[in-house]
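Listed here are the chains, written in short residue letters.
There are 2 protein chains.
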Amino acid sequence: MQFFKLSSSLNGSTLINFTKRTHTCGELRGSDIGKTITLTGWVDTRRDLGGVIFVDLRDRYGKTQVVFNPQTNQVVHDVAGSLRSEFVISVTGKVEKRPDGTENPSLATGEIDILADKLEILNKADTPPFPIEDEIQANEEVRLKYRYLDLRRPVMQRNMLIRHKLYQITRNYFDSINFIEVETPILMKSTPEGARDYLVPSRVHHGKFYALPQSPQTYKQILMVAGMDRYFQIVKCFRDEDLRADRQPEFTQIDIEMSFVDEEDIYTMAEGLVHRLFKEIKNIEIQLPLTRLSYKQAMELYGSDKPDTRFGLSFTNINEVVGNSEFKVFADTVKKGGVVAGFTAPGCANYTRNQLDVLTDFVKNLGAGGLVWMRVTENGIETPSEKFLGKEKVAAIGQALQAAVGDMIFLISDTWAKAYTILGALRLEMARRLNLIDETKNHLLWVTDFPMFEYDETEKRHVAVHHPFTSSKIEDAALLDTEPLKARARAYDLVLNGNEIAGGSIRIYDRTMQSKVFNLLGISQEEAQKKFGFMLDAFRYGAPPHGGIAFGVDRICMLLSGEKSIRDVIAFPKTASGMSLMDDAPSEVDAMQLKELHVRIV
Amino acid sequence: MQFFKLSSSLNGSTLINFTKRTHTCGELRGSDIGKTITLTGWVDTRRDLGGVIFVDLRDRYGKTQVVFNPQTNQVVHDVAGSLRSEFVISVTGKVEKRPDGTENPSLATGEIDILADKLEILNKADTPPFPIEDEIQANEEVRLKYRYLDLRRPVMQRNMLIRHKLYQITRNYFDSINFIEVETPILMKSTPEGARDYLVPSRVHHGKFYALPQSPQTYKQILMVAGMDRYFQIVKCFRDEDLRADRQPEFTQIDIEMSFVDEEDIYTMAEGLVHRLFKEIKNIEIQLPLTRLSYKQAMELYGSDKPDTRFGLSFTNINEVVGNSEFKVFADTVKKGGVVAGFTAPGCANYTRNQLDVLTDFVKNLGAGGLVWMRVTENGIETPSEKFLGKEKVAAIGQALQAAVGDMIFLISDTWAKAYTILGALRLEMARRLNLIDETKNHLLWVTDFPMFEYDETEKRHVAVHHPFTSSKIEDAALLDTEPLKARARAYDLVLNGNEIAGGSIRIYDRTMQSKVFNLLGISQEEAQKKFGFMLDAFRYGAPPHGGIAFGVDRICMLLSGEKSIRDVIAFPKTASGMSLMDDAPSEVDAMQLKELHVRIV
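Residue numbers (numbering that gives the first Met the number 0), protein chains in the order written: chain E, 0 to 601; chain R, 0 to 601.
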């Protein structure tokens with residue numbers, strides 16, 4: 000028997016040869032019984048039963064039970080006694096059938112165990128700060144600090160494998176339909192429009208800076224001008240934002256651009272991708288083509304540009320019913336061009352006054368003037384608003400909303416945007432309260448025809464709803480000169496269960512039109528030339544019609560993994576304040592480094 | 000006939016619907032004759048022959064000839080008269096057999112042409128600064144400024160496609176052998192060791208900085224501690240160096256790490272990859288296993304740690320022949336532990352004195368004391384050194400170097416490192432002069448057993464030849480305590496035709512050993528803890544034995560494409576001073592941006 004312990008002559012170092020594995024810990028089956036094999040891995044658990052030691056040995060591929068029996072090998076058994084959780088070992092022995100009744104059907108290797116005849120301790124381990132198992136109590140900070148242990152947990156290994164699969168499926172898909180993968184620069188020019196850029200001082204060019212890409216938007220359009228025809232890339236993007244819970248300073252997108260296309264080509268291509276992802280990762284057949292809603296429809300039905308359509312509670316506009324009513328609030332709203340709308344919450348007719356007060360506070364916190372509610376009882380509809388609306392109008396509202404006995408009606412009156420946005424939030428709140436969301440469902444849909452611009456009250460200018468390179472709808476082009484806020488864009492989002500998982504547009508490919516849109520966005524001609532002159536120049540030399548889309552990898556992985564946080568599908572995520580707790584980035588740097596970069600901390 | 004021109008009502012914009020292609024410009028064959036089809040693309044050439052206009056229409060997939068005959072459609076013919084190079088058009092018509100004798104066998108679509116019945120101009124084009132063809136006169140600055148035009152050239156499209164293929168082959172290979180692709184952060188901690196880091200000021204954490212990774216080295220080792228077992232990633236890396244011709248501030252590597260392995264596993268895995276790349280991209284069958292040379296052998300045979308073995312001119316050490324000679328220079332060199340060695344240049348016996356002076360200057364510029372040369376003539380060996388060496392020694396040298404009549408012998412005497420390095424340069428110079436390099440050959444080999452450390456005279460300390468995480472050879476571990484410069488590392492490079500295309504090592508996975516190596520590198524315990532504490536901590540919790548390698552994607556693509564510059568296989572490369580000429584990065588940024596980052600330009 001060959002046997003290595005940690006050699007003390009090497010100052011406790013682990014610089015040793017070791018016996019290499021013949022199989023992984025997830026591989027052995029009944030058909031391997033009788034073979035002498037070697038496994039390597041981590042001690043998952045060690046149990047001492049009547050003098051015999053049982054070790055579950057773990058690697059990425061699974062677990063295998065190893066038996067150390069003193070009657071087989073006393074020395075090996077004795078060394079096994081020193082094993083602790085997370086020790087790294089190499090163990091050699093014979094594959095045996097487990098005794099009848101001791102098989103473990105929940106383990107792929109549960110039919111067999113290994114009778115150990117040789118044991119090498121490759122590395123020791125301190126007691127980990129949390130156990131290496133799926134359900135742990137550790138808070139996220141501890142998990143992120145000891146990410147190398149957190150990633151050993153089977154659930155995290157599974158998440159990383161789902162992400163790995165997504166990469167491969169995506170690239171094989173695009174390769175199969177003639178897309179070309181092109182890497183675009185990470186060190187690019189700063190052109191902040193929307194979010195802040197991360198900047199990188201140039202050492203060679205005194206006082207100048209690179210920026211990290213918020214997306215490779217300009218490059219992918221340049222690639223279309225370059226005749227690449229169909230481009231894709233899975234690429235890191237960067238935004239220096241004040242992070243919300245579900246954002247990271249660096250994030251990954253599947254970036255796509257195509258020439259000589261319209262929206263239909265993008266939809267077909269993107270639907271093909273999500274179909275493959277669901278089929279190959281979750282064995283779910285997504286029905287194609289996907290539903291499409293215009294932005295207007297999505298807002299007026301669900302109060303969101305990324306509606307969760309796994310449940311109903313869709314809205315009804317009752318402007319026609321109440322426009323001419325005595326209820327001044329409603330009538331005034333309609334007169335001013337606003338909206339009175341609402342939805343029916345099934346089975347909520349018996350909500351207490353207290354429950355209704357909570358919901359009223361909920362919508363008031365979102366800026367609503369109030370919440371009108373109506374109980375649909377066997378005796379008709381009961382509502383404090385009856386005194387203003389009259390019995391007839393109340394009944395007409397009940398009919399318009401198709402309310403049944405036992406339901407509660409909620410109504411909001413406000414401007415179009417506010418009324419529907421607040422209703423959208425209330426709809427989600429009611430779905431949660433009523434437990435209406437079936438987590439096993441996967442509802443995908445397109446939201447299309449977004450507005451080109453919205454007016455930013457802070458900056459006192461139009462800002463692009465998608466981005467400045469988005470084309471307007473052909474029939475709305477004339478509106479750019481007259482009422483730009485009414486112009487719709489050739490922009491589209493793909494929504495999964497209430498999450499935007501992709502967004503894109505058909506682009507402007509004409510220099511004059513691009514200049515006009517820059518102008519509408521308050522970007523001066525000089526600034527446009529300085530920031531985007533190269534694109535305007537490129538459009539001089541034969542730019543093809545083109546369009547594209549980008550998928551958010553982190554969010555899709557989160558949804559495919561059934562996780563609640565994108566941090567659980569990113570190997571080394573940062574905290575909400577942009578810190579890496581494992582290695583303590585960002586950190587202070589040497590004065591010499593800064594001197595070379597010609598910058599000083601203020 | 001449906002027909003669109005640029006609509007002047009839209010202010011000259013190209014915001015129009017267009018007829019979408021049914022085929023690409025590389026697709027139509029004889030079997031398509033008679034079909035009515037639509038193509039889109041760029042006007043490559045336009046010829047006017049006897050009233051009929053011929054246009055070669057180009058896209059990424061090829062070229063197709065389109066015929067505009069006034070007898071088919073007068074209006075369309077007239078519009079075709081306004082077409083210029085690089086206009087973007089959509090053209091519809093019937094696929095025809097070309098008249099006998101006018102077929103173009105050099106074109107995949109050369110059997111047919113399209114008789115145009117409809118033409119839409121999708122975008123116009125100014126005259127490009129250089130023609131869109133493979134052989135152009137434009138200097139590289141112009142090509143980089145107009146990269147969108149440069150990338151339209153067929154040779155650049157081919158290069159980008161080779162790169163695309165390399166990505167797909169690589170990932171499919173690693174996926175097929177159980178590797179998992181994991182993305183590692185781009186915003187990481189600054190740990191400069193060797194090259195300078197690019198720094199990114201943190202807005203949220205005043206006075207702190209992220210760094211862009213010089214490689215994901217620490218992360219991939221952490222992934223091994225995390226039990227990921229086999230990791231790969233095609234990843235961007237960054238080094239703020241004073242750029243040499245063949246370097247870029249950002250470059251791409253295929254990054255690989257494996258657990259429970261030794262060198263043999265790495266070699267097998269890497270050889271499998273290069274075998275696939277050559278087979279699938281160039282249809283060349285690389286013979287496996289690859290040759291291996293130790294660093295010592297490579298230096299003593301070829302004077303390089305990345306020898307070009309497509310030709311001979313290997314060296315012979317003649318210390319034994321000349322060590323006891325009267326030639327003081329040689330004898331002293333041998334006495335001091337140096338080397339006298341040289342090689343035979345076939346057919347160079349007739350070199351003129353002038354030619355020999357040029358070569359002597361060549362080696363003197365590299366630091367040699369001089370160049371000893373010997374002509375092998377029919378009358379024996381002629382050399383000025385005969386008066387010091389004597390006839391017998393000279394003959395013995397000729398014999399040792401197996402020189403034949405007509406050859407020239409070159410000898411250098413110096414320290415081991417200098418003698419072989421200078422001989423290595425002279426060997427390459429002679430190969431170029433003698434045109435010995437067969438560009439169709441592909442010679443791959445491993446160079447192994449590099450030294451752990453070299454002594455940096457400027458910094459007055461040991462520096463790692465590979466990197467600080469490299470394990471020493473097991474049998475040399477004791478040398479770390481006594482003569483560290485003699486210790487060999489478990490490090491290896493993969494060399495193709497004289498270019499290092501990959502490099503890696505078996506890593507240290509023990510905390511004590513890692514600390515010892517940091518110490519040898521002059522990294523204080525405090526500094527080691529500050530920079531790499533998280534790795535030393537990770538090694539406490541069961542680090543498996545592991546090793547890896549990284550391939551340089553840019554260089555491999557360059558070699559597979561037969562290009563001379565990596566810039567020809569990068570879509571948007573930077574110049575030697577790190578500038579992007581197309582979009583003018585790096586550039587000045589707004590004072591507001593810097594203020595938010597708490598930095599000031601000095």
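Don't take each hint at face value.
If chains are identical, the list can't say which one is meant, so a pair holds when it fits in one copy or spans any two.
When the alpha-carbon atoms are kept at most 30 Å apart in a straight line, the in silico BS3-like pairs for lysine-lysine are as follows [unchecked claim]:
1. K164 - K281
2. K164 - K335
3. K295 - K19
4. K19 - K440
5. K363 - K96
6. K594 - K392
7. K515 - K386
8. K594 - K96
9. K327 - K392
10. K485 - K594
11. K386 - K334
12. K472 - K19
13. K144 - K459
14. K363 - K594
15. K327 - K34
16. K164 - K305
17. K34 - K485
18. K417 - K392
19. K386 - K144
20. K34 - K281
21. K327 - K281
22. K472 - K117
23. K459 - K529
24. K164 - K96
25. K386 - K529
26. K529 - K144
27. K515 - K472
28. K305 - K144
29. K440 - K386
Treat the hints as calculated values from the structure; they're not laboratory data.
Taking the hints in turn, this is what the structure says about them:
When the C-alpha separation of K164 and K281 is checked against a cutoff of 30 Å, the pair qualifies both within a copy, at 11 Å, and between copies, at 28 Å. Taking the shortest alpha-carbon separations for K164 and K335, neither the intra-copy value of 53 Å nor the inter-copy value of 60 Å comes in at or below 30 Å. For a Cα distance limit of 30 Å, the shortest separation of K295 from K19 across copies, 28 Å, qualifies, whereas the shortest one inside one copy, 63 Å, does not. In this assembly of identical chains, K19 and K440 lie within 30 Å of each other by CA distance neither inside one copy nor across copies; the values are 45 Å within and 36 Å between.
When the C-alpha separation of K363 and K96 is checked against a cutoff of 30 Å, the pair qualifies neither within a copy, at 67 Å, nor between copies, at 74 Å. In this homomeric assembly, K594 and K392 never come within 30 Å of each other (Cα to Cα): the closest approach is 75 Å inside a single copy and 59 Å across copies. For the identical chains of this complex, K515 and K386 are neighbours neither inside a copy (53 Å) nor across copies (85 Å), given an alpha-carbon limit of 30 Å. Taking the shortest Cα distances, K594 and K96 never come within 30 Å of each other, neither inside one copy (68 Å) nor across copies (70 Å).
Proximity of K327 to K392 under the C-alpha cut-off of 30 Å is restricted to the intra-copy arrangement: shortest distance 13 Å within a copy versus 118 Å between copies. For a Cα distance limit of 30 Å, the shortest separation of K485 from K594 qualifies neither inside one copy, at 51 Å, nor across copies, at 37 Å. For the identical chains of this complex, K386 and K334 are intra-copy neighbours only, at 21 Å inside a copy versus 115 Å across copies, given an alpha-carbon limit of 30 Å. Only between protomers do K472 and K19 lie at most 30 Å apart by alpha-carbon distance; the minimum there is 18 Å, versus 63 Å within a single protomer.
When the C-alpha separation of K144 and K459 is checked against a cutoff of 30 Å, the pair qualifies neither within a copy, at 44 Å, nor between copies, at 36 Å. With identical chains, the CA atoms of K363 and K594 are never at most 30 Å apart, being 53 Å at best within one copy and 37 Å at best between copies. For a Cα distance limit of 30 Å, the shortest separation of K327 from K34 qualifies neither inside one copy, at 86 Å, nor across copies, at 67 Å. Proximity of K164 and K305 under a CA criterion of 30 Å is satisfied intra-copy only: 26 Å inside one chain copy versus 36 Å between copies.
Taking CA atoms no more than 30 Å apart as the test, K34 paired with K485 passes in neither setting, with 74 Å inside one copy and 43 Å between copies. Taking identical chains as interchangeable, the C-alpha atoms of K417 and K392 lie at most 30 Å apart only when both belong to the same chain, with a minimum of 24 Å there against 100 Å between chains. Taking the shortest Cα distances, K386 and K144 never come within 30 Å of each other, neither inside one copy (61 Å) nor across copies (73 Å). Taking identical chains as interchangeable, the C-alpha atoms of K34 and K281 are never at most 30 Å apart, the minima being 35 Å within one chain and 42 Å between chains.
Taking the closest pair of Cα atoms, K327 and K281 never come within 30 Å of each other, the shortest separation being 53 Å inside a single copy and 79 Å across copies. Taking the closest pair of Cα atoms, K472 and K117 come within 30 Å of each other only across two copies (25 Å); inside a single copy the shortest separation is 72 Å, beyond that limit. For a Cα distance limit of 30 Å, the shortest separation of K459 from K529 inside one copy, 22 Å, qualifies, whereas the shortest one across copies, 47 Å, does not. For the identical chains of this complex, K164 and K96 are neighbours neither inside a copy (34 Å) nor across copies (46 Å), given an alpha-carbon limit of 30 Å.
Proximity of K386 to K529 under the C-alpha cut-off of 30 Å is found in neither arrangement, the shortest distances being 63 Å within a copy and 72 Å between copies. In this assembly of identical chains, the alpha carbons of K529 and K144 lie at most 30 Å apart only when taken from different copies (15 Å versus 43 Å within one copy). Proximity of K515 to K472 under the C-alpha cut-off of 30 Å is restricted to the intra-copy arrangement: shortest distance 15 Å within a copy versus 66 Å between copies. Proximity of K305 to K144 under the C-alpha cut-off of 30 Å is found in neither arrangement, the shortest distances being 34 Å within a copy and 41 Å between copies.
Taking CA atoms no more than 30 Å apart as the test, K440 paired with K386 passes in neither setting, with 43 Å inside one copy and 94 Å between copies.
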